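So the chains spell out like this:
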Amino acid sequence: MRDVSIIGVGQTPVREHWELSLRELAVQAVLAAMQDAHVEDVDALYVGNMLSGELTRQEHLGALIADQLGLTGIAAMKIEAACGAGGSAVHAAHLAVASGQYRRVAVVGVEKMTDLWNGSVTAGLAMAADGEYEAANGISFVGLNAMMMRRYMYEYDLVEEDFAPFALNAHANAVHNPNAMFRKAVTLEQFTKAKKVADPISLFDSSPICDGAAALILSRSENLNGNAARAISIAASTSATDTLALHDRQDPLWLRAVELSSIKAYAQAGITPQDIDLFELHDAFSIVAPMSLEAAGFAQRGAGAYLARDGGISIHGKLPISTMGGLKARGHPIGASGVYQVVEAVQQLRGEAGKNQVPNARVAMTQSLGGVAATAVTHILKGK
Amino acid sequence: MAENLAPNWRLREQRYQLVGNVCLKCGAKFFPPRQVCTQCRGTEFEAFQFSGKGELYSFTTLHSVPAGFESYAPYSVGMIKLDEGPLVEAMLTDVNQDKLAIGMRMEMVTRKIREEEGERGLLVYGYKFRPIAE
Numbered sequence: 123m124r125d126v127s128i129i130g131v132g133q134t135p136v137r138e139h140w141e142l143s144l145r146e147l148a149v150q151a152v153l154a155a156m157q158d159a160h161v162e163d164v165d166a167l168y169v170g171n172m173l174s175g176e177l178t179r180q181e182h183l184g185a186l187i188a189d190q191l192g193l194t195g196i197a198a199m200k201i202e203a204a205c206g207a208g209g210s211a212v213h214a215a216h217l218a219v220a221s222g223q224y225r226r227v228a229v230v231g232v233e234k235m236t237d238l239w240n241g242s243v244t245a246g247l248a249m250a251a252d253g254e255y256e257a258a259n260g261i262s263f264v265g266l267n268a269m270m271m272r273r274y275m276y277e278y279d280l281v282e283e284d285f286a287p288f289a290l291n292a293h294a295n296a297v298h299n300p301n302a303m304f305r306k307a308v309t310l311e312q313f314t315k316a317k318k319v320a321d322p323i324s325l326f327d328s329s330p331i332c333d334g335a336a337a338l339i340l341s342r343s344e345n346l347n348g349n350a351a352r353a354i355s356i357a358a359s360t361s362a363t364d365t366l367a368l369h370d371r372q373d374p375l376w377l378r379a380v381e382l383s384s385i386k387a388y389a390q391a392g393i394t395p396q397d398i399d400l401f402e403l404h405d406a407f408s409i410v411a412p413m414s415l416e417a418a419g420f421a422q423r424g425a426g427a428y429l430a431r432d433g434g435i436s437i438h439g440k441l442p443i444s445t446m447g448g449l450k451a452r453g454h455p456i457g458a459s460g461v462y463q464v465v466e467a468v469q470q471l472r473g474e475a476g477k478n479q480v481p482n483a484r485v486a487m488t489q490s491l492g493g494v495a496a497t498a499v500t501h502i503l504k505g506k
Numbered sequence: 037m038a039e040n041l042a043p044n045w046r047l048r049e050q051r052y053q054l055v056g057n058v059c060l061k062c063g064a065k066f067f068p069p070r071q072v073c074t075q076c077r078g079t080e081f082e083a084f085q086f087s088g089k090g091e092l093y094s095f096t097t098l099h100s101v102p103a104g105f106e107s108y109a110p111y112s113v114g115m116i117k118l119d120e121g122p123l124v125e126a127m128l129t130d131v132n133q134d135k136l137a138i139g140m141r142m143e144m145v146t147r148k149i150r151e152e153e154g155e156r157g158l159l160v161y162g163y164k165f166r167p168i169a170e
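Residue numbers (the numbering used here), protein chains in the order written: chain A, 123 to 506; chain B, 37 to 170.
Chain A on its own, in the form it takes in the complex:
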């Protein structure tokens, strides 16, 4: 396998983009990444997206976006793995370059969620779970996470407030990220008074419905096209799966795919969790953060929330997470989120994260989850 580097990144702000379509968002992000990398073409395009057919009546995104970029002729395809589509697209693109088949490829994660009303989006998102036995019984995606959170609180004797540091940290970091959706700090009082969406999950435990696109240019490390100074190396790219339905798990409180994908990634990169300087995890709901920290080897079982106490996950903490706002506050345009995470990790490792810069960041991990972590895709990036 060849070594692969990221030589360009691009992103649109995460917003309710009433004035922009899916194709416009995707093209803006890819053009920005190509400009960042000083390249004018790629051999292939990988598109991470979950719901374009359901929410915008458009499939066949590979050809569409290649066409709109003026790149007809290249190989292009959409990769779908629910909310883990973005990470999965990066994984596929990495394999394509590492295999030697392509010299240089683009990845774009894009989701346009605001063209339909909320009930349709909620029904669409429920397709991340088991259509016949979860969605068909009226169980929404937030409902699954809420049931996991209630059982977690019951098993480990926690209260809602124990999860507050995850939301507060995400919002505090989003304040300084111009591309974040919610650039506003949240207080503990606001958190505790927030309306319940699906108890015990409140508004501040949930990521928003939004639009956005993020893009990367991947290249063989042996030919960086003049980008050697800013190139970030991909030290690991792994993917693992678990049962699709929450009810089919032997232990619904353990994210087995996160564990498997993390272990494989540490082995591939030749490092341990202690070597990670920052972790962009999949905080679509607060409960996913401590469970990811546990399964990825940063905390003992049931102790993930304790890591977040006393600023342990802040920019200057022991393990900074959601450093540009995370899914919670940067926003979670479903199939784009996994690519946003990698874009932000690159910003950190280049030293271009501004007020959110993690001091001396050299190794970053990103993790993109599909469904209730039925898919887990992990990347480890290394800077200079």
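Since the hints were made in silico from the structure, they are not lab data.
One or more of the hints may lead you astray.
Subject to a maximum C-alpha distance of 30 Å in a straight line, what follows is the list of computed DSBU-like cross-link-like pairs (lysine-lysine) [what the hints assert, rightly or not]:
(1) Lys318(A) to Lys117(B)
(2) Lys386(A) to Lys504(A)
(3) Lys65(B) to Lys148(B)
(4) Lys318(A) to Lys148(B)
(5) Lys61(B) to Lys135(B)
(6) Lys135(B) to Lys315(A)
(7) Lys318(A) to Lys386(A)
(8) Lys135(B) to Lys317(A)
(9) Lys65(B) to Lys117(B)
(10) Lys148(B) to Lys89(B)
(11) Lys318(A) to Lys61(B)
(12) Lys306(A) to Lys477(A)
(13) Lys117(B) to Lys135(B)
(14) Lys440(A) to Lys504(A)
(15) Lys117(B) to Lys148(B)
Predicted model only: the values in this text are computed from it and were never measured.
Following the hints, position chain B against chain A.
Relative to chain A, chain B alone:
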């Protein structure tokens, strides 16, 4: 978008009678039924009807609900640990939302779970769970 009858008809034994299956090689019981055993990868199964009794493993109440379920909102859903082992997810019914608690004894009942709009819209029936009266 009108839905065909077939995808609902195929699930009639699961929805009306909680029929899963049991692996003939290792005895593992499944609901929903599977084609490959997750324990021993065996592929020979026999149908198995679950009793429909169990205890509440977790629950929540949904306020923002998926399209097609608006007329029930807000409604409670739960995960029920069946006495025979598997977990099943369902809407909860005949229940006071404030009195739900992990560990409560629950039983399956057959109810309407969804109603499609229009003259040709389907009325979809299936299982829900309710607390067993003490």
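Given the hinted pair lysine 135(B) and lysine 317(A), is their alpha-carbon gap at most 30 Å?
Distance of about 20 Å is within 30 Å: holds.
Compare the distance between the alpha carbons of lysine 117(B) and lysine 135(B) with 30 Å, and conclude whether the hinted pair is satisfied.
OK: lysine 117(B) and lysine 135(B) at ~18 Å, within 30 Å.
Between the alpha carbons of lysine 65(B) and lysine 148(B), is the straight-line distance 30 Å or under?
27 Å, holds
Agreement of lysine 117(B) and lysine 148(B) with the hint, judged by alpha carbon distance not exceeding 30 Å
Holds, at roughly 22 Å.
Next pair to validate is lysine 65(B) with lysine 117(B); report whether the Cα-Cα distance is within 30 Å.
13 Å, holds
For lysine 440(A) and lysine 504(A), compute the direct alpha-carbon distance and say whether it is at most 30 Å.
18 Å, holds
Would the hint linking lysine 135(B) and lysine 315(A) be met if the CA-CA limit is 30 Å?
Holds, at roughly 22 Å.
Is the hinted pair lysine 318(A) and lysine 386(A) satisfied, with a Cα-Cα distance of at most 30 Å?
Distance ~37 Å between lysine 318(A) and lysine 386(A) Cα, so the pair is violated.
What's the verdict on lysine 306(A) and lysine 477(A), does the C-alpha distance respect the 30 Å limit or exceed it?
15 Å, holds
Pair hint lysine 386(A) and lysine 504(A), alpha-carbon separation not exceeding 30 Å:
16 Å, holds
Hinted pair lysine 318(A) and lysine 117(B), Cα distance within 30 Å
Distance ~25 Å between lysine 318(A) and lysine 117(B) Cα, so the pair holds.
Between lysine 61(B) and lysine 135(B), does the CA-CA distance stay at or below 30 Å?
42 Å, violated
Of the numbered hints given earlier, the model fails hints 5, 7 and 11; all others are met.
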